[in-house]
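Student: What follows is each chain in one-letter form.
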Amino acid sequence: MVYIGPLVLGFIIGFILGTRIKQNPDSKLKFGASVFVVLIIVALLMAYQLGPFPYYTDSRLANGFLAALAGIIVGKLTFGR
Amino acid sequence: MSTILKIFVFPASIIMMCYGALTILGGHITPGGGFQGGAMIAAGLIFCLVVYGLDESPFKLSHNFMAGLESAGALGYVFLGLAGLFASGFFLYNLGTDIYHIVPPAISTLFNYPDALHAGIIPYLNFVVGLKVMVGLSAVVIAFLGAKGTKEDYVDTKEI
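Here the protein sequences come in this chain order: B and C. For what it's worth, our numbering labels the leading residue of the first sequence as 1, then goes sequentially. For what it's worth, our numbering labels the leading residue of the second sequence as 82, then goes sequentially.
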């Protein structure tokens, strides 16, 4: 059974932050999809190393961490343009 | 700032923010909580602001956004406190756990945090405190960076 509490709250925190990511068109630096692919790989490794909270037995990964990253990416894709 | 920093800092700040979110979410089980997690998220935002500057930072925090989020955090805390007051007679009573068994089960279920420990409203309090601290600490740095351009208005450069 997956505990939805950390998933929902982590997603909300990430979504709030993701909506604020706006690229400056005048800037030379562009953070495209490749940056987020690398981020996902790093976040998966980090979530595996962090492990779940004590007494959580639903997953081997840190669910809140991954939910926050998913929220950031979804927030960026929906409002952060 | 160097190009290496400019490439590295944005992904690193996102990882810092995710870790801050994890710290907020584990506040009722592990060391940490709303203030610590909010400070970690703010550190990610400040990291970007220091390296890219206020104008080129990928994170655009407007005044209205910060005011709204800080207000939402404070109001959420007050709402949770008042909900306990109206339902049980005690301000900030933990409606989710309901250790005195004075609240109807429907309200207790509504305010219960769905995880392994059923910590009640404590994770929600951590969440709203995290939002407030995140915006509060970021606002200080944004205010300082914004005031940097008007240094000549306050300092007589001839005396330096």
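Hints may contain errors.
[To be verified] Some but not every residue of chain B turned toward chain C, in silico, with C-beta under 10 Å: (1) Y55; (2) N63; (3) G71; (4) L77; (5) T78.
Worth flagging that the hints you see were computed from the coordinates, not collected in a lab. Glycine is no exception: its CB is placed at the ideal position from the N, C-alpha and C atoms.
Student: All the hints need checking, so say for each whether the structure fits it.
Tutor: Results of checking the hints against the structure:
| no. | hint | in the structure |
| --- | --- | --- |
| 1 | Y55 | holds (5 Å) |
| 2 | N63 | holds (9 Å) |
| 3 | G71 | holds (8 Å) |
| 4 | L77 | violated (14 Å) |
| 5 | T78 | violated (15 Å) |
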